[in-house]
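Peer 1: Model the full assembly from the supplied sequences, consistent with the hints where possible.
Note that the protein sequences, when read in sequence, are chains A and B.
Per my numbering, the very first residue in the first sequence carries number 143; after that it's consecutive.
Per my numbering, the very first residue in the second sequence carries number 5; after that it's consecutive.
Please note: incorrect hints may appear among the correct ones.
[What the hints assert, rightly or not] DMTMM-like cross-link-like pairs, simulated, lysine to aspartate or glutamate; straight-line CA separation at most 25 Å: (1) A/241 <-> A/330; (2) A/221 <-> A/325; (3) B/280 <-> A/374; (4) B/280 <-> B/101; (5) B/280 <-> A/325; (6) B/45 <-> A/330; (7) B/280 <-> A/330; (8) B/280 <-> A/339; (9) B/45 <-> A/339; (10) A/241 <-> A/374; (11) B/280 <-> B/69; (12) A/221 <-> A/380; (13) A/241 <-> A/334; (14) B/45 <-> B/69; (15) A/241 <-> A/339; (16) A/241 <-> A/322; (17) A/221 <-> A/374; (18) B/45 <-> A/325; (19) B/45 <-> A/374.
None of these hints come from the bench; they were simulated from the model.
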Amino acid sequence: MAVWLTSRVRRHNELLLAAPAIGWLALFFVVPLFLVFVISFLTRGTGGTPTLPFTLEHYDRVFTTFSSVFARSVFIAGKTTLICLLVGYPMAFFISTRKHAFTRGFVLFLVILPFWTNFLVRTYALRVLLGLEGPINGMLMGTGLIDDPIPFLNTEFAVILGLVYGFLPYMVLPIYASVERLDRRLVEAARDLGANDWHTFWRIVLPLTMPGVIAGSVLVFIPAIGAFVTPDLLGGVEGLMIGNLIQRQYSGNGNLPLGAALSTVLLGSVMLTLMIYTWFVTRKGGKNGQ
Amino acid sequence: MANKALTGPFVRSPHTSEISLPINRHDRGRFLRGAAQVGYKAIAYGGMIFLWLPIVLLVVFSFNDSRAVNQWQGFTGQWYGNIFNNIIGTEARFSTELMLHAVGNSLFVSVVAGIIATIIGTMVALSLARGHYPGRRLLDGLLYIPLVIPDITQGVSLAMFFMIAFGFINNLLGLGANYGFGTIIVGHVAFNISYVAVVVRARLAHMNPRLEEAAYDLGANGWQTFWRITFPQILPGIIAGWLLAFTLSLDDYVVTFFNNGVGTTTLSIFVYGMLKTSVTPEINALSTLMLVASTVLVVISLGMQSQFSKR
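Peer 2: Take a look at the structure:
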């Protein structure tokens, strides 16, 4: 009886402990997302504000007029993820194969430290670096490789470079964690059984670090597809992404319901990505568990 | 040696490769392996240089004796001097003043949002680690939302929510509620709670639950058990959680952009505005100072964590 009582009291306490988080996230996250969903079906009123009646015209525009921007956003985010993976995996592998714990910690610290500089300031530095009079063009012209400066800025290339720069650590850290967790004895066993480095990597190391690869890819893809600062500062017209379109609906002569519809479709694509991710992870987990 | 060479499907012997043609698959394999070894290290070093190149550029140009931000004109400490003079109050340049004001706003928002998020996030982490109530999985899902939603979606939806909520409240109660520090902090806390909860939960998972049970058995109540047993054990996690929340908040541009008001310009908003008009070298000096400050902070916190784990 007494045990039942105390456990009952503690259970209530524990639910109370969660109450502020539930309240805050419900009111300032879930309710706003639901509101956006509702607003996306409303008509554009004066000054871009939403009014009745309900309509599907914004979704119609999203899938016709803006489908090219959407496709570009998906491609840019996809390329960003792929490049982050191709650069991030060797980096993570390099860090985790350092012999001393101190070296590993230090190199990891070097990967994370640029994060403590304001994101906009880093993007600005990248803009200076890539500029027509920037150091890269200066060096290329100094060595005589090119005669005229290359216009790197305001291209899709600049946007992808900026996104890779911003999100590379999101790829490195999960892969690093999964390489660290890797049982070294499996690698030794593969070696003893005569596999060379190449086979050991493709058959043992890569499959076992796949959870890190997938987690890193999701962590890069999601913020990349919704990016708007990077394309705004580095992309110009050529690098226009879905985030820029959404932001425009908020300025002077905007269209809030259209912005809401764009956000809803963006959220939908992110959810789809996550569902594929979850499916992949649980399928893999089931396989390994057998 | 012979034994080892015969164990696998690929017979690896140094003799065969020396006398055979370069086309030999073993040689090719060795060449590829060597290339892969060199290649992956080159990519790793390249990636590191790529991450640091803009930062180095920023630091170097913070000492550049020119208002132009892309051509080296000689060494100066002028930009640092401007900042220090402004802080001391001996010289008040308007642009520097505005920049430092934005830094102050950013620090205020990040510290407050970090503290609120750390309290709420630690509470929910404790609740999930110790509670056995129904709906825990649903709460888990709720906590995942902010981690996976693009910040622009969060910023936009919160701005629309406040627009409607303020319209409603102001009409009903005749108030003049508007966007400002309150709305920015609410938004930052909303995305920070989940990050704090993740960090604190990781720490709780490493804690021995027997210690709490022992405290209860010895007659301590829930409050005493928390402050005497649980809290000291998870303190490094709480500090790390706050530091993460503070950093994310300080770095945020998107959520702040959609929810800021008059006179609440944070550093991110200030830098964005500057990038659209004209950039002053003071921002390089400021960024360098902030980088040094955060490096010192991180080193101290790492030192503290290793001290904790030694005890």
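Peer 1: For every hint, state whether the structure bears it out.
Peer 2: Structure-based check of all given hints:
Among the hinted pairs, residue 241 of chain A with residue 330 of chain A is consistent with the structure: their alpha-carbon atoms are about 16 Å apart, no more than 25 Å. Under the criterion of a C-alpha separation no larger than 25 Å, the hint pairing residue 221 of chain A with residue 325 of chain A is inconsistent with the structure, at around 31 Å. Under the criterion of a C-alpha separation no larger than 25 Å, the hint pairing residue 280 of chain B with residue 374 of chain A is consistent with the structure, at around 10 Å. With a C-alpha separation of about 19 Å, the suggested pairing of residue 280 of chain B with residue 101 of chain B holds against the 25 Å cut-off.
For the hint pairing residue 280 of chain B with residue 325 of chain A, the CA-to-CA distance comes to about 51 Å; that exceeds 25 Å, so the pair is violated. Between residue 45 of chain B and residue 330 of chain A the CA atoms are separated by roughly 21 Å; this keeps the pair inside 25 Å, and the hint holds. A threshold of 25 Å between alpha carbons decides the hint, and for residue 280 of chain B with residue 330 of chain A the separation of about 56 Å lies outside it, so the pair is violated. Among the hinted pairs, residue 280 of chain B with residue 339 of chain A is inconsistent with the structure: their alpha-carbon atoms are about 51 Å apart, more than 25 Å.
Proximity of residue 45 of chain B to residue 339 of chain A is assessed by CA-CA distance (about 15 Å); at most 25 Å being required, the pair is judged to hold. Taking the CA atoms of residue 241 of chain A and residue 374 of chain A, the gap is near 42 Å; set against the 25 Å cutoff, the hint is violated. As the CA atoms of residue 280 of chain B and residue 69 of chain B are separated by approximately 23 Å, the hinted pair is consistent with the 25 Å bound. Among the hinted pairs, residue 221 of chain A with residue 380 of chain A is consistent with the structure: their alpha-carbon atoms are about 16 Å apart, no more than 25 Å.
Proposed proximity of residue 241 of chain A and residue 334 of chain A is supported: the alpha carbons are some 21 Å apart, at most 25 Å. A threshold of 25 Å between alpha carbons decides the hint, and for residue 45 of chain B with residue 69 of chain B the separation of about 37 Å lies outside it, so the pair is violated. This hinted pair checks out: residue 241 of chain A and residue 339 of chain A have alpha carbons roughly 18 Å apart, not beyond 25 Å. As the CA atoms of residue 241 of chain A and residue 322 of chain A are separated by approximately 12 Å, the hinted pair is consistent with the 25 Å bound.
A C-alpha spacing of about 18 Å is found between residue 221 of chain A and residue 374 of chain A, which places the hinted pair at or below 25 Å, so the restraint holds. The hinted pair formed by residue 45 of chain B and residue 325 of chain A meets the criterion: a straight-line CA distance of about 22 Å does not exceed 25 Å. Proposed proximity of residue 45 of chain B and residue 374 of chain A is contradicted: the alpha carbons are some 33 Å apart, above 25 Å.
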